[in-house]
Structures are given as C-alpha cells and as structure tokens.
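Participant: In case you want the letters, here they are:
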Amino acid sequence: MKNAIVLIVLAAVLAGLVALPWVAPYFYIFLGTEVLILGLFAASFNLVFGYSGMLSFGHAAFYGIGAYATALILLHLEWPFLACLVVAMGAGALLALVIGFLSVRLDEVYFAMLTLAFGMMVFAVAHQWRSVTNGSDGIAGFMLGDFAPGVDWSLGDPAVYYHVVLGVVVVAAAVLYLICRSSFGLILRAIRQNPERVSFCGLDVRRYRLAAFTVAGAFAGLSGALMAPFLRVASPEMLHWSMSAEPVLMSILGGTGYFLGPFFGAAIFVLLESWITGFTDAWMLVLGVMLALMVMFFRRGVLGTLLDWVQGNHD
Amino acid sequence: MTAFFTALLNSLDIGLLLFVIAVGLNIVFGVLNVINFAHGALYMIGAYLGFSLIAMLGWPFWAALIVAPLGVAALAVVLDRLVLRFIYGREITDSLLLTFALLLVLNESVRMIWGSGIHVVEPPALLAGTLDLPGGVRYPVYNLFVIGVGLAMLAGLWALFNRSRVGRIMRAASLDADMAKALGINTRLVVTGAFAFGAWLAAVGGVVAAPMRAIDPGMGDKIIIESFIVVVIGGLGSFPGALIGALVLGAIHAFGGRYFPEVNMVLPFIGMALVLLVKPNGLMGKGAA
Amino acid sequence: MASTAIRRMAVAALAAAGIVGSMAAQAAEDPIKLGAVYIRSGSASSYGEFAEQGMKLAIEQINDNGGVLGRQLEYEIEDSQGNSGTAIQAMRKLVYQENVDALMGIDSSGVAQGVASTVPQLQKPLIITHAATPDVTGKMCNDYVYRISVNIIQNMRGAAEIAAESGAKRWTTIGPDYAFGRQSWDFFSEALKEKNPDAELMSETAFPRFGAEEFTPFINSIMDADPDGVLISLWGGDLVNFVRQASDMGFFDEDIEVMFTVGAATEVLDALGDKMPEGVWLGTRYWFDAYDNETNRDFVAAYKERYDKAPSYNAEGAYAAVYAYKAAMEKAGTTDGPKVAEALSGMSFDSPMGEITFRAGDHQTLVGPTWGKAGPMDDEFGIRSLTDVHVFDGKDVTPAVEETGCSL
Numbered sequence: 001m002k003n004a005i006v007l008i009v010l011a012a013v014l015a016g017l018v019a020l021p022w023v024a025p026y027f028y029i030f031l032g033t034e035v036l037i038l039g040l041f042a043a044s045f046n047l048v049f050g051y052s053g054m055l056s057f058g059h060a061a062f063y064g065i066g067a068y069a070t071a072l073i074l075l076h077l078e079w080p081f082l083a084c085l086v087v088a089m090g091a092g093a094l095l096a097l098v099i100g101f102l103s104v105r106l107d108e109v110y111f112a113m114l115t116l117a118f119g120m121m122v123f124a125v126a127h128q129w130r131s132v133t134n135g136s137d138g139i140a141g142f143m144l145g146d147f148a149p150g151v152d153w154s155l156g157d158p159a160v161y162y163h164v165v166l167g168v169v170v171v172a173a174a175v176l177y178l179i180c181r182s183s184f185g186l187i188l189r190a191i192r193q194n195p196e197r198v199s200f201c202g203l204d205v206r207r208y209r210l211a212a213f214t215v216a217g218a219f220a221g222l223s224g225a226l227m228a229p230f231l232r233v234a235s236p237e238m239l240h241w242s243m244s245a246e247p248v249l250m251s252i253l254g255g256t257g258y259f260l261g262p263f264f265g266a267a268i269f270v271l272l273e274s275w276i277t278g279f280t281d282a283w284m285l286v287l288g289v290m291l292a293l294m295v296m297f298f299r300r301g302v303l304g305t306l307l308d309w310v311q312g313n314h315d
Numbered sequence: 001m002t003a004f005f006t007a008l009l010n011s012l013d014i015g016l017l018l019f020v021i022a023v024g025l026n027i028v029f030g031v032l033n034v035i036n037f038a039h040g041a042l043y044m045i046g047a048y049l050g051f052s053l054i055a056m057l058g059w060p061f062w063a064a065l066i067v068a069p070l071g072v073a074a075l076a077v078v079l080d081r082l083v084l085r086f087i088y089g090r091e092i093t094d095s096l097l098l099t100f101a102l103l104l105v106l107n108e109s110v111r112m113i114w115g116s117g118i119h120v121v122e123p124p125a126l127l128a129g130t131l132d133l134p135g136g137v138r139y140p141v142y143n144l145f146v147i148g149v150g151l152a153m154l155a156g157l158w159a160l161f162n163r164s165r166v167g168r169i170m171r172a173a174s175l176d177a178d179m180a181k182a183l184g185i186n187t188r189l190v191v192t193g194a195f196a197f198g199a200w201l202a203a204v205g206g207v208v209a210a211p212m213r214a215i216d217p218g219m220g221d222k223i224i225i226e227s228f229i230v231v232v233i234g235g236l237g238s239f240p241g242a243l244i245g246a247l248v249l250g251a252i253h254a255f256g257g258r259y260f261p262e263v264n265m266v267l268p269f270i271g272m273a274l275v276l277l278v279k280p281n282g283l284m285g286k287g288a289a
Numbered sequence: 001m002a003s004t005a006i007r008r009m010a011v012a013a014l015a016a017a018g019i020v021g022s023m024a025a026q027a028a029e030d031p032i033k034l035g036a037v038y039i040r041s042g043s044a045s046s047y048g049e050f051a052e053q054g055m056k057l058a059i060e061q062i063n064d065n066g067g068v069l070g071r072q073l074e075y076e077i078e079d080s081q082g083n084s085g086t087a088i089q090a091m092r093k094l095v096y097q098e099n100v101d102a103l104m105g106i107d108s109s110g111v112a113q114g115v116a117s118t119v120p121q122l123q124k125p126l127i128i129t130h131a132a133t134p135d136v137t138g139k140m141c142n143d144y145v146y147r148i149s150v151n152i153i154q155n156m157r158g159a160a161e162i163a164a165e166s167g168a169k170r171w172t173t174i175g176p177d178y179a180f181g182r183q184s185w186d187f188f189s190e191a192l193k194e195k196n197p198d199a200e201l202m203s204e205t206a207f208p209r210f211g212a213e214e215f216t217p218f219i220n221s222i223m224d225a226d227p228d229g230v231l232i233s234l235w236g237g238d239l240v241n242f243v244r245q246a247s248d249m250g251f252f253d254e255d256i257e258v259m260f261t262v263g264a265a266t267e268v269l270d271a272l273g274d275k276m277p278e279g280v281w282l283g284t285r286y287w288f289d290a291y292d293n294e295t296n297r298d299f300v301a302a303y304k305e306r307y308d309k310a311p312s313y314n315a316e317g318a319y320a321a322v323y324a325y326k327a328a329m330e331k332a333g334t335t336d337g338p339k340v341a342e343a344l345s346g347m348s349f350d351s352p353m354g355e356i357t358f359r360a361g362d363h364q365t366l367v368g369p370t371w372g373k374a375g376p377m378d379d380e381f382g383i384r385s386l387t388d389v390h391v392f393d394g395k396d397v398t399p400a401v402e403e404t405g406c407s408l
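Residue numbers (our numbering), protein chains in the order written: chain Y, 1 to 315; chain H, 1 to 289; chain B, 1 to 408.
Next comes chain Y alone, as it looks inside the complex (with noise of 0.2 Å):
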C-alpha cells in the first residue's frame, strides 16, 4: 500500500515534469533544468555524506572537471554530446579517486577540510592553467551539436535541453538508487553507523570509502557536464568551494536521510532563491538563517520532516 502511493507520486511527479514546458511558464524550463542537475550534483554527493558519512567540502572540484570536459571537448573537437557526458563522468572518477585516495583515511574533520583545500587547488589550478582553461574568464563560445552520432535534436532549444537533461538525471538517479539499494550501498550504511564493527567484520572501510567517493565524483562530473551548455560557459567559480557548498545545503534542507532529499532540497533551493532574490539582496541571510534552523531542529530535512508529518509519526 505505502509503496503503491510512493510510486503513484512518483509517477505523477515525472508526468508533471515531462509536461512542464508545455504547461509552467516559459521561466520554469530553465528553473526546471537547473533544478534536475543540481538535484542530481547534490544527490552525488549524498553518497558521500548521507550514506558514507563523510561530509565533503570539495565536491564542486568534480562538477567543474566535468564542465571543463565538456566545454573543451565542444570547443575544439566538437564531439557528440553523449560522448562528453562519458568522457565527463569518467574524468570526475578519476580526479575523485586521486583526491579521495588522499582523504579518505583520514577521520571526518581532516576530511572536511581536505576536500575543501583540495577542491580550492583544483580552483587555483583552473586559475592559473590559462593555455587551456582560459583562466578566469572560462570557457564559452562552445556549440552543441549532435546528441549522439547522427542523433540531432536541436539541443540548442532550451525546452529540448530540459528534457534531456531530464532523461539524463532520470537515468542516472535510477542508477544511483540501485547502487544504494545493493549490498555496496548497505555496506555503506554500515560504516557510517559503526565503522569499527564492519571493519571486525573484515571488510576494508577505506577502500569502500574510496569506491563511494568514486562513484559520487563521476555523477558530480556528470552534472557539471549537464550544466557547462546550460550555462554555455566553464569557469573557476564552478569549481570555487562556495560551489561545494551547495549540494551540502540541499542535501541538509531536502533530507539527508532519503534518496529524494537533495533533488527536493535543490528545488526548494533554486526556487526560494529565485524568489526571494525577486526582492532582496539578503539572500544568504535567508539562507544562512535557514540552514542553521534545519541544523538545529530540522536535522532530518524538509522532505523527512513533510514525510513524517504525512505519515503521521508526529504523535
């Protein structure tokens, strides 16, 4: 019965975002796009923190590696797009797993701080690398061609573009909740709980630390991807630890705890900044505010605390 309504609300909930171009007002593609890919960002690095237990700093050093792959790989090899996605999510791997090799054994204060020294060296990399990066100005100028090899949509079309971006995410979170679901993910759980009885159980709690961090790098480098011909531009402030923020916030206002919490916290998210921005420039106030009352009493996230509320555990 409960799981009969998740997939009834969950099937609504697709069904009204497949129609959104054709029913919400034209402003609402672009909101409804840069909701899915962070949605998806923050949801990559919920594996590492809701699930892992591992609060990372640096997680925007993922997302801009993949928006760099992909604006470069437009501008000089005009490539199709789904290759650049590829090449995106597998450069974000890769950094992920040098940095998380790194980090990973250290305990959860040293790796905060760590992933946020290393995320601010790849900033400063970006920075100064100008023969490639183009340094601060970034990259722009790139143009979308073929979504795959003869596959031509008109990506350039920002209602095409949603729902592109909305399968990619759809897929891709699909993928990530079966990776939650399975025995790695279990796993995981596990090691956040207690990381000293798993390793009794003689399982290596570094080296799933390592994998998890992986993965959630190449769905990081994945969203950025989604996001460098959303924004038609790479640049540093991409990669900028204020980006890392970001999907620490969503994750916290969505739900740390459910596998939707950082899609629904990047909606509530983009949504109240687009709104209240409408008519004040206090918005990190507002922000700052909210993110410390969630700390403090909504520890469990807007998505958690609606959920309970529905459920009827309040009493």
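No lab work stands behind these hints, which were simulated from the structure alone. A quick note: this is a predicted structure, and the numbers were derived from the prediction, not measured. Where hints are given, some of them may not hold.
[Said to hold, decoys possible] Computed list of lysine to any residue pairs in SDA-like fashion (alpha-carbon distance at most 20 Å, straight line):
id	chain 1	residue 1	chain 2	residue 2
1	B	275	H	267
2	B	304	H	115
3	H	222	H	185
4	B	33	Y	278
5	B	33	B	275
Given the coordinates of chain Y, work out where chains H and B should sit on it, guided by the hints.
Facilitator: Just chains H and B, lined up with the frame of chain Y:
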C-alpha cells in the same frame, strides 16, 4: 640578500598574524570539538568594529585594540548561548554546517550594517613610517609591530596553557569533558569561555590587520581558507601546530610570491598536500591516521 | 491511516502549487522595465552599489520628465556574485520572469564573456556598462551586445601615450592574476611599442592573485627589478591594499613613473583619501571633473545632491546606459527587443561624456579614458583631485572595426 631578508621578515609578519587567528580556531576545536567556519567572519567583525571605533568615533588605535575584540568575544558568548549549544555533543559535521550558516548570516549582517564600501584604518602615529634595518633593509614599522604582537601572543598563550589554572582547566576539558565535570569543573562555563576566547583571538587579528589591509565585506572569506590550511598543515587542535603551520604558510606566501609568481595561487595547496602525504595528521598532529 | 496520508499529501501538494502559482503571477505591463545585473555581494560590491545609484538617478530624472514613449521607467536588479553562471540565470530570470524590456550591467570581464553568447537567445539588447574585455565587442560580438564604457584597448592606448610622453624607458606591471591584468599589460605593451620603439617591456612582471591581501612580496620584486615605469591594473580592495603597502615600502618615493589604469575610481579614492600619493598617474573610464558640458554638470550636481558623493565611472556608465535606452526606444518607437537592439547600432546620444556613438561595426562606443596626475585633495568630495588631465578622444584610441575581430 636584501631581497631574501625582506621576504623572511614578510613571512614572519604574514605568518604570525595567521597564527593569532588560527590558534583561536584550534582552541575552539580543542575544547568544543567544533570547527568554526565562522571564524573568518569574527575576524572581519573585529576589523569593522576597530574601524568604527577609530575612524568613526575617533578613538585611539590602542583603545580599539582592547575594546573591539572584547565586543566580538561578547558576540561569541551570545552566539554560543543562542545557537551553538543546540549541537553540543552532536557529530562534528553538524558543527561545520551550523557555523557555516553563521558565516552566511554574519557576512550578510556586516554588509547590511557597514555597507559595501571599502574602508581603511590608519596605523597609530607611533607605528607609521618605515625603519632602516641593518643590511640595507627598509621595513614598515607597523609590520614589525605585527610581528611583535604575534610573538607576545605566542608567549602569553604558552604561559596561559602551561602556567595558569584557567589554561590547565581548558586543557583538561579538551582532553576529557566528563572527567573534568566529575572533578567539579563547570564545563559549560569552560566551553562558552573557550568559544569566546577563540573569537577574541580572531578579532585581535582583525584589528591588528586593519591598518594593513582593506576592510571590505569579503575579507572574512579570504582568511578562513588560509586558517584551514594552517591548521591542516600544523595539526588540528595542536598549539605548536598552529604556529608551525602559520609560519610555513607565511613563508609560502612571502617566498612564493617573490620567487614563483606564476604559480603563487597553487603553492599553498601543494605545500599542504606534501605535508599530508608525509604526515597525514599534520606536522604536529597526534594519533593514528 | 492511508487516507489521512493521502489527504495530507494533497494539502502539501496544493501548498506547493500555491507557491509556484503566486510566483508566476506578475505581469504588470504598463511601465517599461530595465533589468540590471551587477555585483552586489563580496569584496567588490561597492561597484554594484555605485552603478545602482547612477541607474536610479537616471530613471528618476526621466520619469520626472514624462518617461519614455509616454511610459514610466522602472528597474529590477540582480546580483551576479561575480559569477558567469549566476549572471546568466539572473538574465534569464529578468527576461522571462520579470519581463524586462532591456538589459544592462556586468562588472567583470569573465562574466561578460560568459553572458555575451546567451544574449541573442533572450532577444533583448544588453548594454555592458563596466566590464572591459575587448572580446565582447571583438571576436565574440553579436547583434544584441553593446558596450557604453571604455574597454581595455581604449584605455591602454591612452596609457601608452602618457607613458611615451613621460620618457620612462623600462616598463613593467603589477596586475591581478586574471584576464584583466594580463590583457591590460599585453595591450599596453603593444601600444607603447608603437608609440615609442625604444621602450623596453620587462619580463619581470608581477601578477598577484585577485584578493591577495599581501602585496609586499610583489612590491619587493618589482622594486628589485629597478624599472623606470610601472603599469598597475589592480582595482577595488586590491588596489587599496596595494597603495598602502606600497607607501609603507617606500615604493612611491622611488624615481618611478607609476600609472594606475583604473586608479581614479571614486570607490577607491573614497577609501584612500589622502593616502593616495600625489603625483602618480590615475586612469579612469570617466572623470566627473573632466567633461565641460551641460549634461555632465547636471549629472554631477544631481548625483552630489542625491548621494553626497562624486559619481564614479561605474555610476556614470549605468546612468548613461539608461539614457541610451531612452534614445533607442524613442528612435525605434517601440520597446521590442530586436528593434531596440537595432536602433542602438550606430546611434549617437547625449551622455555626461558628451555626444557618444555606438559604432555600428562592433557596438563599442567611441569613448576614451581620462588620465591625470593625483593632485591636492578635493575638499568638496574628500578625494584626490586630478591635475594635468588628459581626456582622450575615442576616435584616436579605438582600433578600426577590422582590427577588432568582430564581423556584424
């Protein structure tokens, strides 16, 4: 040779200022087990308060140096009682998140109170101008003063932790809060006191930095990453670590900017990565990796 | 149990729909809306503040005089956060959600390059009022992007003339380590070589990172290199930090010709007061005291009355852009995006810098920088005055369209 000597002095004044700020971060971590993301914002508020007292109310620099940090410490007490106490004993990630929220709120509040303009503070007349040092080196008196403040803080903190009752209580509380409580120490007071003390140090750094650096709404964000690098290089929670980390980073900035300008942005991170490859818990860090 | 759950879910869904619905319901059609994107957070936010003041002043003046096409003007402003992605989303929001009729703003070159290629899709003109990268009116130019402010090439050609006149032979630079600093030096070098083939452009340059705070190591290495002249393209808080640290190091006491490419920004002069050393060359895209025409006198007087400050070049750029749109909309007789964009091309209009023209070939206005030496304090505004003022004519410092790489 002159250039080398100037760079050396430079690394000292950058490093010792960073030490004053970063050691506050370490004390808060040691006692509260909280990584204070808002530490840079407190440094910035110290600078802004100093600016208000000196440039707007016409106070002498020295009075501002005493009063502004106390004001920030008082603000820290309020923040601790109002906000931080909710997450005592929770996972460290919660403290990172909550102090990050504080950072957002404080940054924006500063912009609302003081506006977005750039401000400057004049050094006191006594410390204006330059001094000719032996060996033909000409160095600003104020930067020498910063080095002096850093050394005085170093000595004061060392005495506090090793020679005084308060310092021993703090160390006890950081080692084992339950045991300290069992021994009749009011840990709540210690915790709040340590947070206020950390904030005070950040604010001292802010007021001291004010006559050298432009005061603008982004100055807190600039210093917090630097402070993180310092504590990562030196070792979290370690007092000598903060000193060594700060001096290493100061040297990286001074010599890196001087001799390797093309990669000056990346150098601090390379330095940090190198240290961590050899000593994963920082140069002075304790415990197994 | 299940039915309560469904009911509550329905309530939640309705609430969500309500939020979305109320956000979409904004379509007051009557006034003409201008959308602006400026930097409004972080270190450089004072530049965005000056721009908004200039923009607001122009809109109030126009509204008091009957508006444009018989309609009132109003504006929406968004924060770029100095970030291309944020700026692009902000522009989409302004156009599709707030239904603005035209766009203006953009402070940083990186952001300008990012947004330039997006603007044609939005079908609204964009007048850049601050960002100085030549590329947006060069190889990345398009039908919808215009620039009202002085770009790097124009400024550096003026600078090179000053440098050539000064007689200093060996030149180096200190600039922020990103495109603006690098391009300033490149274009300066190019122009100086042309004006004075004897000039030596040194390889010992210094590019501290943007927001570096500590400039002493860079000041030391430049002083060791013993140049005759130094071109400094630092701006904002960096420039304030630099000037104070350089004074401490005795940099300004040396026999060096010092040129600050955007030193006469009132945002910076305000902060520094008499700490800006006398005798250094200060460049700016507009200087409130340098233009002897009625529009400028009125602008400066009105600005002073309203904000009790001297207008900065960023304030002037935003102010002039509003008047440019007024002229273009009246010329086109409509607020329709493509038609207004077309009307701007080749259009001349009255600005505080005199009558200026958006060149049809690349959409850059033919304007030149102002350079002058920091003089005695200006008691009226509490900032340094400029002496020995050179106002460069745009026609002399703007490259020919064929040289810009733009083909429209």
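Participant: Each hint should be assessed against the structure and marked as holding or not.
Facilitator: Results for each hint:
1. Proposed proximity of residue 275(B) and residue 267(H) is contradicted: the alpha carbons are some 32 Å apart, above 20 Å.
2. Among the hinted pairs, residue 304(B) with residue 115(H) is consistent with the structure: their alpha-carbon atoms are about 19 Å apart, no more than 20 Å.
3. As the CA atoms of residue 222(H) and residue 185(H) are separated by approximately 37 Å, the hinted pair breaks the 20 Å bound.
4. About 14 Å separates the Cα atoms of residue 33(B) and residue 278(Y), which keeps this hinted pair within 20 Å; it holds.
5. Among the hinted pairs, residue 33(B) with residue 275(B) is inconsistent with the structure: their alpha-carbon atoms are about 41 Å apart, more than 20 Å.
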